[in-house]
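K.L.:
One line per chain: the protein sequences are A and B, in this order. Be aware that the first sequence starts at 1, since it is given in full-length UniProt numbering, and climbs by one per residue. Be aware that the second sequence starts at 1, since it is given in full-length UniProt numbering, and climbs by one per residue.
Hints listed in this document are in silico derivations from the structure and should not be mistaken for laboratory results. Check the hints yourself; a few may be wrong.
Claimed, not checked - Taking lysine to any residue pairs in the SDA-like style, the calculated list, with each CA pair at most 25 Å apart, reads:
no. : chain 1 : residue 1 : chain 2 : residue 2
1   : B       : Lys48     : A       : Asp148
2   : B       : Lys204    : A       : Ile267
3   : B       : Lys164    : A       : Arg220
4   : B       : Lys204    : A       : Gly30
5   : B       : Lys96     : A       : Pro179
6   : A       : Lys51     : B       : Tyr196
7   : A       : Lys57     : A       : Phe77
8   : A       : Lys149    : B       : Asp336
9   : A       : Lys7      : B       : Phe169
10  : A       : Lys71     : B       : Glu191
11  : B       : Lys164    : A       : Ile267
12  : B       : Lys204    : A       : Leu25
13  : B       : Lys164    : A       : Gly30
14  : A       : Lys7      : B       : Lys164
15  : B       : Lys96     : A       : Leu169
16  : B       : Lys48     : A       : Arg220
17  : A       : Lys107    : A       : Ile316
So you can see what is in the structure, the chains are spelled out below.
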Amino acid sequence: MFAYVVKRLISGVLVVTLVSMAIFLLFWYGPSSPAQPICDRETSNRCTQTKLAVYEKTLGYDNPVYEEYGKYVKGIFVGRTLTIASNDYECGAPCLGVSYRTKQPVKEELVSRMPATFSVAIGGAFLYLLFGVPIGVAAARRRGTVADKALVSSFLFISSIPYYLFALLTWLYLTITFPIPFFSDTGYFSIAQNGPLKWFGGLFLAWVALGIFGCTQYTRFTRGAMVEALSEDYIRTAKAKGLPTRTIVYKHGLRAALVPVVTIFGIDFGTLLAGTIFTERIFDIQGIGYWSLQAVQGRDLPVVQATALFSAVVLIIANLLVDVVYSVLDPRVRLS
Amino acid sequence: MSADTAGPETLGSLSDEPQHQDPNSQQAKEIAGKSPLRIALGRLARDKIAVVCAVVVLFFIICAVFAGPISHLFGVSLETPLASERVDGLNNNMPKPEMGPPFGPFTWEHPMGVAPRTGNDNLAYWLYGCRISLLIAASATLVASVTGVVVGLLAGFLGGAVDKILSFFVDTFLTIPFLLAALTLAPILNERFALYDSYATIQKFSLVVVLALFGWMGTARLIRGEVLALREREFVQAARVMGMPTSRILFKELLPNLAAPIIISVSLMLPAFVAAEAGLAYLGIGVTDGVSWGQTILQAATPTYFREYPQYLWQPLLGIVALVLSLNLLGDAIRDALDPKTRR
Chain A
1 MFAYVVKRLI SGVLVVTLVS MAIFLLFWYG PSSPAQPICD RETSNRCTQT KLAVYEKTLG
61 YDNPVYEEYG KYVKGIFVGR TLTIASNDYE CGAPCLGVSY RTKQPVKEEL VSRMPATFSV
121 AIGGAFLYLL FGVPIGVAAA RRRGTVADKA LVSSFLFISS IPYYLFALLT WLYLTITFPI
181 PFFSDTGYFS IAQNGPLKWF GGLFLAWVAL GIFGCTQYTR FTRGAMVEAL SEDYIRTAKA
241 KGLPTRTIVY KHGLRAALVP VVTIFGIDFG TLLAGTIFTE RIFDIQGIGY WSLQAVQGRD
301 LPVVQATALF SAVVLIIANL LVDVVYSVLD PRVRLS
Chain B
1 MSADTAGPET LGSLSDEPQH QDPNSQQAKE IAGKSPLRIA LGRLARDKIA VVCAVVVLFF
61 IICAVFAGPI SHLFGVSLET PLASERVDGL NNNMPKPEMG PPFGPFTWEH PMGVAPRTGN
121 DNLAYWLYGC RISLLIAASA TLVASVTGVV VGLLAGFLGG AVDKILSFFV DTFLTIPFLL
181 AALTLAPILN ERFALYDSYA TIQKFSLVVV LALFGWMGTA RLIRGEVLAL REREFVQAAR
241 VMGMPTSRIL FKELLPNLAA PIIISVSLML PAFVAAEAGL AYLGIGVTDG VSWGQTILQA
301 ATPTYFREYP QYLWQPLLGI VALVLSLNLL GDAIRDALDP KTRR
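Isolated chain B, as found in the complex:
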């Protein structure tokens, strides 16, 4: 590695060509003062793929957070219009939309066209679908990470019977295939809450619970392994000798040292949950009120619609693929950046 491309990793290149430096000089201080996370961020910033992916992810986050203002800006909304104004209902097999390509000229009223049959605006549904997708994936990731970290910390630090019991749960949940479990739980949750007024909200809550229920085990395993190594270190023993309560050792001493594995597990979970949310919606057992990329794909994937109007399918599909792909690649880059063994 040549010195001028080394950047923040100069610690490595210094050992290559030992130069005697005054330890108090400006440069040495700068080098010594970098935390592992800062180094990782520096490496990430120089990874071109990571930067592109981060920009794409940021774009989706902006779309999700500002779904309301953006759709207002374009003058579109989720409200179901009078379908006959936008759709040629006489065309029996294919109630084709009359606005937007390929059936009409491009119009700023509906930049992404309207849906066949219902005449709903595609842009509004895309934006709010993006919001649902990220909202559910992020909440599930949060719940699953917190569960996984707590279980991992307890199992790793306390050991003994607690470790055995928690590890048993981890192993049991790991053997349950997610899709089959979701399929079993869906009718039960539907039966229980189908008659409630706020069914749509409850459904999203239960979706987050189901996703998190089958997503926390990886994190728990990773954290447990890390804690097993960390708990033998001097600073933990020192804290014990000083009589710190266990909860304080866990959350003040151990948790800050677990930043890297937590970031790694989050980077693995987010794209998986985005894909799972849309997949369940496609099967009709996730979000069923229509505002989800998976639901749009389900409607658009019928042979008649797809033959005449393929971009109705491609809009949500590209959304999912771009989001999942960039989250995956970004996660890969983050894992590489956090791993001191890889040198790019």
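Bound-form chain A, shown alone:
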């Protein structure tokens, strides 16, 4: 077990290195000139060849790519001083670059936006399980009845609608057409400044939209896994022993059925943490997803680069955790 975790950690570090290289190369060779956005911005769209050359030189784009990548990696560990044109910007470790728009170190804004994204992700993921698992269990117990069929087909219907339209309609109808007092002022309000009530009210609709839409998938998984689990021999044994139904369903059935659900949940939660772009955009939550979207529109390449790297790291960690948790939950899985 310990050896496996160490092995996975090493391969995780390797993957992060590869991903960071890929992202760095993409931004180095991808745009016609990586310095074009900052040059346009600083000269208010009157960027000439000579000015562009100055920006390219100070940002290091005239150096060999491996040298600059080395500086980038070194900056992540010990910090560095970045020069844009004639100004120096101090960028402490871990340095992910300096935003073209605000001239602030990217890392600081990334950290300041983490609570918003994490709040959305944790609340939404909690609702996935809170709705998804019990409804799935109930449907599996009533398999083949009208209620089960109605539930399955109506959830199929909901999950066929694109998520962003579902969230958009939720927002439009519940904040504009029929505003719900207290909940219709959506957005992220930090607990420290506005108190938990305001925080809860601002995020509530986002959680509901995310939770209701996401729970359809979990209902399907739970239902499928439960149907399979309830047909196992040990369930029949438990019934024959005369155990109460509650014990049979929840202790013997659900425990076995939850293993695949946990796997999918881990990956989904990781994806949510990496940035809930549509939810943040629609409900006006200033998190990492919205930030990277604004960076794309403002051609703020260092921010896009940093958010891409951040989400890759989060996803790799989530994958690792899922594999470890999976082996704890299901003793039949041997890690090697």
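Model the placement of chain B on the given structure of chain A, informed by the hints.
P.N.:
Chain B only, in chain A's frame:
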């Protein structure tokens, strides 16, 4: 299953009540001569939901293909008119359109009304948005399917190191969340091509590439699995013994047997790409020249417009929902029809 409802599936009911039939009789020949795809089509035709969905999809395809003639028929076009002729510009907060409900009577000049502020005709934008949506989704599906099928065939048939390398790529791409990747690639593509004259066309091309880049893995996996089973079959071994070149075995022997999984993966991809195209356009990182359902939704979803003029939002939104929903349900029905294990 009673005999009179069995239809094309009479093979199943024959085994239920064995009757001795002359194998050369007309009826027996008819039963024996059906390919799996013909059987699936027969089952599909009797599925009411599938037929309704197929009609809806056909309607959208007609709208997309004949967007030009249809808008000509109604006398509307994409051209930006003199906005002041159609829009009450004095209404500061809400430059409301003066034509079509809810601000004016219904008029055949603009059957779906005009957009606020710009005064663009909604019907024309809807039709051409439908065209863009289906065009991009279909091209991306084509590219992704071809890539997936080729990768799956090679990985499954050649095995060994090729399989390992290709499977590694499949697994790696599967872990990348599409939206984040699209968001990372969008500024790079924009930076590279922003100064070109044909930027709008390049943008659509790059959108297809990005969609296909993150859509081929499912097909590759499905095909690889099928090929792994097929390559041990006698007809493939026979072809090998006869000394057929590998490419011929792959494309002449194996590919025809993969029709069902290919159809299944296409049925999964199309609605996903329609939704993704509109979603990216809504975020402002897909099509940005305005002619896309997602772009119209982005404009219409502002509080002022939505409060006064909700159908401006509902027109493209219903387009997407109806198209995605019917493609999804049709895909479900096709998957059921192709699966010999399900009996409806």
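K.L.:
Now tell me, hint by hint, if it's right for this structure.
P.N.:
Hints and how they fare:
| no. | hint | in the structure |
| --- | --- | --- |
| 1 | Lys48/B / Asp148/A | holds, 21 Å |
| 2 | Lys204/B / Ile267/A | violated, 31 Å |
| 3 | Lys164/B / Arg220/A | violated, 32 Å |
| 4 | Lys204/B / Gly30/A | holds, 18 Å |
| 5 | Lys96/B / Pro179/A | holds, 23 Å |
| 6 | Lys51/A / Tyr196/B | holds, 21 Å |
| 7 | Lys57/A / Phe77/A | holds, 24 Å |
| 8 | Lys149/A / Asp336/B | holds, 16 Å |
| 9 | Lys7/A / Phe169/B | holds, 21 Å |
| 10 | Lys71/A / Glu191/B | holds, 24 Å |
| 11 | Lys164/B / Ile267/A | holds, 24 Å |
| 12 | Lys204/B / Leu25/A | holds, 24 Å |
| 13 | Lys164/B / Gly30/A | violated, 29 Å |
| 14 | Lys7/A / Lys164/B | holds, 20 Å |
| 15 | Lys96/B / Leu169/A | holds, 22 Å |
| 16 | Lys48/B / Arg220/A | holds, 24 Å |
| 17 | Lys107/A / Ile316/A | holds, 19 Å |
The structure fails hints 2, 3 and 13 (numbered hints given earlier, in ascending order).
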